[in-house]
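Chemist: In the order they appear, the protein sequences are chains A and B. Using our numbering, the letters of the first sequence map in sequence onto residues 1 to 112. Using our numbering, the letters of the second sequence map in sequence onto residues 113 to 226.
Everything labelled a hint here was simulated from the structure, so no lab data went into it. Even glycine gets a Cβ: it sits at the ideal position worked out from N, Cα and C. Hints are supplied without guarantee of correctness; some may be wrong.
Stated by the list, open to error - Computed far set for chain B versus chain A, every beta-carbon distance over 10 Å:
hint, residue
1, Tyr137
2, Val139
3, Asn153
4, Leu156
Unchecked claim - Label pairs and their calculated CB-CB ranges:
hint, chain 1, residue 1, chain 2, residue 2, range
5, B, Ser140, A, Lys57, 20 to 26 Å
6, A, Asn7, B, Asn180, 38 to 44 Å
7, B, Gly174, A, Ser27, 28 to 34 Å
8, B, Thr164, A, Leu96, 16 to 22 Å
9, A, Glu78, B, Thr223, 33 to 39 Å
10, A, Leu96, B, Glu178, 23 to 29 Å
11, A, Arg15, B, Val195, 46 to 52 Å
12, A, Gln50, B, Leu194, 15 to 21 Å
13, B, Ala226, A, Gln50, 27 to 33 Å
As the list claims (entries may be wrong) - For the chain A half of the interface with chain B, some residues (derived, Cβ under 7 Å), not all of them:
hint, residue
14, Gly42
15, Pro43
16, Phe45
17, Tyr48
18, Phe74
19, Gly104
20, Gly106
21, Thr110
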Amino acid sequence: DTGVSQNPRHKITKRGQNVTFRCDPISEHNRLYWYRQTLGQGPEFLTYFQNEAQLEKSRLLSDRFSAERPKGSFSTLEIQRTEQGDSAMYLCASSLDAGQQFFGPGTRLTVL
Amino acid sequence: AQSVAQPEDQVNVAEGNPLTVKCTYSVSGNPYLFWYVQYPNRGLQFLLKYITGDNLVKGSYGFEAEFNKSQTSFHLKKPSALVSDSALYFCAVRDIVGDYKLSFGAGTTVTVRA
Chain A
1 DTGVSQNPRH KITKRGQNVT FRCDPISEHN RLYWYRQTLG QGPEFLTYFQ
51 NEAQLEKSRL LSDRFSAERP KGSFSTLEIQ RTEQGDSAMY LCASSLDAGQ
101 QFFGPGTRLT VL
Chain B
113 AQSVAQPEDQ VNVAEGNPLT VKCTYSVSGN PYLFWYVQYP NRGLQFLLKY
163 ITGDNLVKGS YGFEAEFNKS QTSFHLKKPS ALVSDSALYF CAVRDIVGDY
213 KLSFGAGTTV TVRA
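Build out the structure end to end from the sequences listed, making use of the hints.
Modeler: Here's what the structure looks like:
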């Protein structure tokens, strides 16, 4: 167990609905990352935070996606107006500065 | 841009035999390379990394990897595979310009038969 937790572990939603995922990093880690993993592919970087500041966003993160990390602790990833193409595993990771990234178990999203 | 290729979708070996999972990379500058393993319904678990120094890196669970700069490879190896090593393995390279993003290969499914 790496210490990064994600909730929920599974989410099934209908197309057009909004969903929100939560990630709790390892407590002393100042960096938090979101990745997306689709079937048969490796994880792809979405965005990352240094403390509460969102410093980089991938072009994969369309305007329907928003991420926050209030107070530099937990983070949420919200997807608005979900599409079937959003179905994937959403992984969160954390690290202390540029050190090793520890991954959570992921949230599997299925959009019907 | 950094990229990683894992040329084999699947690797099948018998328990007790050597295991090799191949990875090649493309970066500008010096690479930071990683291997992760993923079990069903679990997140990625770190196995080992190469930053600098000795080309042979030893990691968790008896795994090691050999960095070869001339061949731009970072193959994962284990001298004697176990059935419990059956999992999905990912090679990754860290972005050099920004020290935050990991770029992963597509993964290699390892099956170790008893």
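Chemist: For each hint, tell me whether it holds in the structure or not.
Modeler: Hints versus structure:
| no. | hint | in the structure |
| --- | --- | --- |
| 1 | Tyr137 | holds, 13 Å |
| 2 | Val139 | holds, 15 Å |
| 3 | Asn153 | violated, 7 Å |
| 4 | Leu156 | violated, 4 Å |
| 5 | B:Ser140 to A:Lys57: 20 to 26 Å | holds, 22 Å |
| 6 | A:Asn7 to B:Asn180: 38 to 44 Å | holds, 41 Å |
| 7 | B:Gly174 to A:Ser27: 28 to 34 Å | holds, 30 Å |
| 8 | B:Thr164 to A:Leu96: 16 to 22 Å | holds, 19 Å |
| 9 | A:Glu78 to B:Thr223: 33 to 39 Å | holds, 38 Å |
| 10 | A:Leu96 to B:Glu178: 23 to 29 Å | holds, 28 Å |
| 11 | A:Arg15 to B:Val195: 46 to 52 Å | violated, 41 Å |
| 12 | A:Gln50 to B:Leu194: 15 to 21 Å | violated, 39 Å |
| 13 | B:Ala226 to A:Gln50: 27 to 33 Å | violated, 46 Å |
| 14 | Gly42 | holds, 3 Å |
| 15 | Pro43 | holds, 5 Å |
| 16 | Phe45 | holds, 4 Å |
| 17 | Tyr48 | holds, 5 Å |
| 18 | Phe74 | violated, 16 Å |
| 19 | Gly104 | holds, 5 Å |
| 20 | Gly106 | holds, 6 Å |
| 21 | Thr110 | violated, 14 Å |
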